[in-house]
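So the sequence lines, in the order shown, correspond to chains Y and A.
69 is the number that our numbering gives to position 52 of the first sequence; each next residue is one higher, with no gaps.
38 is the number that our numbering gives to position 21 of the second sequence; each next residue is one higher, with no gaps.
Possibly wrong hints are sitting among the right ones.
Unchecked claim - Calculated pairs, DMTMM-like style, for lysine to aspartate or glutamate (alpha carbon to alpha carbon, straight line, at most 25 Å):
1. Lys62(A) with Glu84(Y)
2. Lys62(A) with Asp71(Y)
3. Lys77(Y) with Glu84(A)
4. Lys77(A) with Asp83(Y)
5. Lys77(Y) with Asp71(A)
6. Lys62(Y) with Asp83(A)
7. Lys62(Y) with Glu84(A)
Said to hold, decoys possible - Sample of chain Y residues with no beta-carbon within 10 Å of chain A, all distances over it, derived:
8. Arg44
9. Pro72
10. Thr82
11. Arg106
12. Leu117
13. Pro139
14. Gln166
15. Asp225
16. Asp233
For the record, the hints were derived by calculation from the structure and aren't laboratory data.
Note that this is a predicted model, so its numbers are computed, not measured.
Idealized CB from N, CA, C, for every residue including glycine.
2 protein chains.
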Amino acid sequence: MSDSNSTAWLAAGVRHELFMRVLPALRHDMAGPLSVARMGATVLKRYIAAQPFDPALCLKRMEQTDEQLNQLLLSIRTLSRWDVESTDRVIPTPALHATLHLARPMLDLQGIVLETTEVDAPASWPQLQPARALYMVLGVLSQLQDSGQGPRSITVVPEGDTLRLSMQAVTPTLPGDHQPAQRHMRVDAQALQWLADDLRWPIEISADTVVLGRPDEQ
Amino acid sequence: MSDSNSTAWLAAGVRHELFMRVLPALRHDMAGPLSVARMGATVLKRYIAAQPFDPALCLKRMEQTDEQLNQLLLSIRTLSRWDVESTDRVIPTPALHATLHLARPMLDLQGIVLETTEVDAPASWPQLQPARALYMVLGVLSQLQDSGQGPRSITVVPEGDTLRLSMQAVTPTLPGDHQPAQRHMRVDAQALQWLADDLRWPIEISADTVVLGRPDEQ
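Could you put together the complete structure from these sequences and hints?
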């Protein structure tokens, strides 16, 4: 096998692990609206059987269900964003917010507080392929998560052309006997470097801090 | 990096490529029932505004929508089957059918006819982790797909303890200028071997035929 080819497979392996870590959050984002829509259907059945019959009330309830189903359709469609062969491009800041939103449950489970959820990406960053933004930021968060243990917090701060993600130990607020399930694959600095090289994204990895440079346009 | 660790990442990379190849089919399986449910809602709105009002007709229509939403919920839940760290176990034959169903659109796009869709897995095979069955069979089909070109067909036949998947060239039935989109990563014999070793599944790979042995219990 050629070396460059094996590097591509290693990076794909890291992407796979990252995707599997947020798959429960993705499923939850789809199951949520569906659950609300099904409850709405139960209520609607009662309205339909009621005396006197109130069509306006029924139609109002149905509009709420429509909204849930539209949101679900959007979630299903955006699953394609996880493929690095997608030709879509997205604006960096919303992509960053979406990634932080997805990562939060994964970090919560490990006792890590994500302090930042609404940070802007550096203004100089170009539009990005969605998968590239998703995997790169998730990769950094996973590497920080896997590089320590115990209660910690992560902050995300733009600095000039870069985005700095750093981790701090915090005082436990809960009894310390919580032992979260560990995954088999650890995203260490080497794995994160494979991912960044494959996504052509400049990166500096040090203890407790990772700095993402400006990604090129591609 | 340790060698065993890099082998695990390579296998995860192959799993990622396989998942991305069937992601459009997974999305289609979710978007389909949702689309039917939304059309049902449009019809229901008309029923609710109709004179005279027929509650039985409305409730019947809603039952059909409920069925679609239940099917969708099942699709969302079964997304967790793609994680090799799942502790579920499934019976091999239905898992094989589900995998062949998902693989068909991918093969169709490459002009490959999947001759077999309802074959039984060998009776001696144990219950399997769902992800293991999904990735192993998809891996074989992808390797066969990527190892040739032009119109072909694939048959899947159980033989004793093994499952034999083989590919034959067929006469084109359509003008031969169809050039399907090629993915960047090719699943070659080496990639398939990484996958099989990681899933601890005995495999024999030769030109146009792959034989899967009996997987151990795990």
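For each hint, the structure was consulted:
1. Lys62(A) with Glu84(Y): Holds, at about 15 Å.
2. Lys62(A) with Asp71(Y): Roughly 13 Å separates the two Cα atoms, so the pair holds.
3. Lys77(Y) with Glu84(A): holds, 22 Å
4. Lys77(A) with Asp83(Y): holds, 19 Å
5. Lys77(Y) with Asp71(A): holds, 19 Å
6. Lys62(Y) with Asp83(A): Holds, at about 11 Å.
7. Lys62(Y) with Glu84(A): holds, 15 Å
8. Arg44: Not fine: 5 Å to the nearest Cβ puts Arg44(Y) too close to chain A.
9. Pro72: Answer for Pro72(Y): violated, closest chain A Cβ roughly 5 Å.
10. Thr82: Thr82(Y) not clear of chain A: closest Cβ-Cβ about 7 Å, inside 10 Å.
11. Arg106: For Arg106(Y), whose nearest Cβ neighbour in chain A is about 18 Å away, the distance exceeds 10 Å, so it holds.
12. Leu117: holds, 21 Å
13. Pro139: holds, 28 Å
14. Gln166: holds, 19 Å
15. Asp225: holds, 21 Å
16. Asp233: Answer for Asp233(Y): holds, closest chain A Cβ roughly 18 Å.
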